[in-house]
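Visitor: Now for the letters of each chain:
Protein chains: 4
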Amino acid sequence: MMKLTRSLLLSRILSSEKLLVGKVHDVQEALCLHSLLSRAGMSTTGQRFGAGVIHCFFSVENPVPRIFAPYSIYKGKAAVCVDPILPTFTKMDSGHFRVDRKGCILLTFWPAIGERKYDWGKKQVFALSATEVGSLISMSPKDSSEFFHDPSMKSSNAGQVRKSLSIKAVPDANGYFISLSVVNNLSKTTDRFVVPVTTAEFVVMKTACSYALPHIMGWHRLTNPQLGDGAKKSSKIDPQLLDLEWDK
Amino acid sequence: MMKLTRSLLLSRILSSEKLLVGKVHDVQEALCLHSLLSRAGMSTTGQRFGAGVIHCFFSVENPVPRIFAPYSIYKGKAAVCVDPILPTFTKMDSGHFRVDRKGCILLTFWPAIGERKYDWGKKQVFALSATEVGSLISMSPKDSSEFFHDPSMKSSNAGQVRKSLSIKAVPDANGYFISLSVVNNLSKTTDRFVVPVTTAEFVVMKTACSYALPHIMGWHRLTNPQLGDGAKKSSKIDPQLLDLEWDK
Amino acid sequence: MMKLTRSLLLSRILSSEKLLVGKVHDVQEALCLHSLLSRAGMSTTGQRFGAGVIHCFFSVENPVPRIFAPYSIYKGKAAVCVDPILPTFTKMDSGHFRVDRKGCILLTFWPAIGERKYDWGKKQVFALSATEVGSLISMSPKDSSEFFHDPSMKSSNAGQVRKSLSIKAVPDANGYFISLSVVNNLSKTTDRFVVPVTTAEFVVMKTACSYALPHIMGWHRLTNPQLGDGAKKSSKIDPQLLDLEWDK
Amino acid sequence: MMKLTRSLLLSRILSSEKLLVGKVHDVQEALCLHSLLSRAGMSTTGQRFGAGVIHCFFSVENPVPRIFAPYSIYKGKAAVCVDPILPTFTKMDSGHFRVDRKGCILLTFWPAIGERKYDWGKKQVFALSATEVGSLISMSPKDSSEFFHDPSMKSSNAGQVRKSLSIKAVPDANGYFISLSVVNNLSKTTDRFVVPVTTAEFVVMKTACSYALPHIMGWHRLTNPQLGDGAKKSSKIDPQLLDLEWDK
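The listed protein sequences correspond, in order, to chains A, B, C and D. Under my numbering, the first residue of the first sequence is numbered 960, with each subsequent residue one higher. Under my numbering, the first residue of the second sequence is numbered 960, with each subsequent residue one higher. Under my numbering, the first residue of the third sequence is numbered 960, with each subsequent residue one higher. Under my numbering, the first residue of the fourth sequence is numbered 960, with each subsequent residue one higher.
Hints were generated in silico from the structure; no laboratory data involved. Careful, some of the hints might be misleading.
One copy or two, it doesn't matter: identical chains are merged, so the pair holds either way.
To be verified - In silico lysine-lysine, DSSO-like type, Cα no more than 30 Å apart, as pairs:
{"hint": "1", "residue 1": "K1034", "residue 2": "K1050"}
{"hint": "2", "residue 1": "K1034", "residue 2": "K1101"}
{"hint": "3", "residue 1": "K1101", "residue 2": "K1165"}
{"hint": "4", "residue 1": "K1081", "residue 2": "K1050"}
{"hint": "5", "residue 1": "K1127", "residue 2": "K1050"}
{"hint": "6", "residue 1": "K1050", "residue 2": "K1076"}
{"hint": "7", "residue 1": "K1101", "residue 2": "K1147"}
{"hint": "8", "residue 1": "K1165", "residue 2": "K1050"}
{"hint": "9", "residue 1": "K1036", "residue 2": "K1081"}
{"hint": "10", "residue 1": "K1081", "residue 2": "K1165"}
{"hint": "11", "residue 1": "K1165", "residue 2": "K1147"}
{"hint": "12", "residue 1": "K1050", "residue 2": "K1101"}
{"hint": "13", "residue 1": "K1050", "residue 2": "K1147"}
Construct the entire structure; sequences and hints are all you get.
Guide: Here it is as structure tokens:
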């Protein structure tokens, strides 16, 4: 029943005539992108090291195989990995396709729990929209950026969870501090992660995000309209997605 | 009969021996690209919101499925969306392909008609050529650009509709004003749209347009000559395209 | 017999033990790339205007369809078009592929012979190597570059034809002059073309050439090793190529 | 038996619970990437010139055809070639793929042994990780970078072979010196290569490496998850790889 309530809520949000258009994207991110990735198969605590590769996450069931190729940065107090999430497309009655769920660059943070040990179970995610990626890739060595997300925006829990991502140049200009703070008034918890990144690591992030930007916007599909990545029927909304976000 | 007149007109334009070569591109844009996109399926007034995605336009019938992945910016007085349109190719008798109709970056503007309500029926479009995209992507934070188009250029209506697109840095250097003005002497109307964009939004536009530039030039096809996107027989000109432009 | 002589000459050049390695590329360009494109189907004088597209050239017979998508700039005295030419690959006995003939960015110039009329029959070409493209794309608004080619280098006609391409910033920094000079001591002719290009046009050239650079190097094939573009058996050298260069 | 010992060693390294995560990448590079490329088919001394293309290396047997498209720079004392190596992917039980062995940009140096003669048998390689590529592509005209690798790190031979790559701007800012030094305490040998590169050559390296960076990270696969390049079953580790590294 809980599930039904949430489905109705989402339906109301997405079809609202009075919908704040400029904020639809945030709802999209908050409800869909975050939730898609937030808990599926990632509830175990501990590290997953295999042949030098750390899996950032596993996706929910998806007929199209996914690729996990995160760029990971491990530092003393916490780690962060950067992963592009492609948009999904809906086939319209005309036979054409439109973007259904927007893509993003997903940042996943998790804390160190000892020397070179990280607790995957305590991770938090932050999904950068195309415009936020625009901010990141245009940062000069002395710039700072800060982004705020409310994953429950537009729901009755609006304002209960506040996430802020901060990217600040280190004073001597040899790198950046990337920090995520998540204040959850429902669970009365606050998580804070700080990962210092070198200039070289930040250049990798910027170069890779610049490459990914047209892809998360869906523009890569213009030249390959029939690619199978993520296209689905528009009427099929996976109710499990709602649960995932709700449970978070 | 009207249709026939226009077909003859277009034929005369496109095959003219005295054609101003440097302006062919403008005619191409004005007659073909603009018209391709201008009215097909977009005559209803109002908003189209679906799962957070606004469709900028629907194309005329096309055997190759199209992808709609506009980058949209909604502001208080108006909205703008940015969409790459790929070139079409013609197969030559030799079996090789050449660009038939050039690609462009299509900017579509439409006005706000209330708080977060936009009137899709009053939209206007402006198709940036490759060289105009070159201007846009090379703009530094203090630059301004202005472009002028005459969609009826080379026809008997030349000069009757004047479009000008202006991109101006905001004095304090934290963004740009993107303005479109359309003066139509035939219908005695003037439309003007102003959309303020942030630096981050402009970076997304520049990065995505830089990515798209080789594609609208057709260079992406060099590595995939047999891609099916938009190739067609050169002799087949859709007469409906002429109607669309004429009616505008 | 003439043909045979030239074939032997080329064989000797290409298999020479004492070959000047750093210059092999020039021979490649001079003998293969230039000649591939120099005369095939382009001997008629006059203009070829079709639906607003000027074909820069037609290739010699090739089982893989080619794409003609030149970026053309028409000015008062001359025109230039920019076209990427992909490398060809040879399948080795191991089943792997290696670059056989390097790619280039081909610049084709042709003179104006009246108001907006150009003489395609008097064209001249200049093939930029990867490193020369590196020079071009790194030019700042006040830089100049000059390149020299000898299409007959390493043959008995070495030094008889000298080509120089010059790219010079216009003093007021609002564009560039691109000039090609071809001095042919065999035919006692000198051709000189000057095309002024705007900053926006030069940005298009730089952006498109930056996009094309990894492709002319063959790096795009790394991700698609089985693409059919231009792979051929290494032992098959088209003798017609030699004729074309010789006749020039 | 030797082979078995080494297999066990590698297994221990790769599955170690106390593994220094931040260094796993180095082990990866040192053990896998270097060794993949180090000796297979490259043990003969001398030059391999074919139609102007020098093969930098041949890979070990691989069901997916590889492409050899190195960017080579030949100078008086030594030569260097730059080659991207894609990551390999492992299909997981879920049907999805994850990066198995990371990609890199491989630099191969070999010395001149006479006028325009190079000794391929004395080559040395250095594999740049994604982050090291980030350093390289962000170098301004006056910057310098230095990288240190230990190909035997984590093995009992740790510290016995030390490689350092240095990229230094030439004082008058018209190029760079790229130097590789390999000190091998086991064989009591020291190899040192210095290749001066021009600004244009360095721009090609930077542009091509920027293009390649998302590919060596595996992000190109996001849009083509089913591409066949390098995917393999995770359990199949080629024991020959171990031999290659051990013998080096």
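Visitor: Does each hint fit the structure? Answer for all of them.
Guide: Hints and how they fare:
1. K1034 - K1050: Between. Shortest inter-copy distance 28 Å satisfies the 30 Å Cα cut-off; intra-copy 43 Å does not.
2. K1034 - K1101: Classified as both; 22 Å inside a copy, 29 Å across copies.
3. K1101 - K1165: Classified as both: same-chain Cα gap 15 Å, cross-chain 21 Å, threshold 30 Å.
4. K1081 - K1050: Intra 37 Å, inter 26 Å, cutoff 30 Å: inter-copy only.
5. K1127 - K1050: neither (41 Å within a copy, 38 Å between copies)
6. K1050 - K1076: The answer is between: 26 Å across copies meets 30 Å, while 44 Å in one copy does not.
7. K1101 - K1147: Answer is neither; intra-copy 35 Å and inter-copy 47 Å both fail.
8. K1165 - K1050: between (32 Å within a copy, 28 Å between copies)
9. K1036 - K1081: Only inside one copy: K1036 and K1081 sit 13 Å apart there, 44 Å across copies, limit 30 Å.
10. K1081 - K1165: within (26 Å within a copy, 37 Å between copies)
11. K1165 - K1147: Cα proximity of K1165 and K1147: none, with 34 Å in one copy and 42 Å across.
12. K1050 - K1101: neither (44 Å within a copy, 42 Å between copies)
13. K1050 - K1147: So K1050 and K1147 fail the 30 Å test inside a copy (42 Å) and across (40 Å) alike.
Hints 5, 7, 11, 12 and 13 from the list above are not met by this structure, while the remaining hints are.
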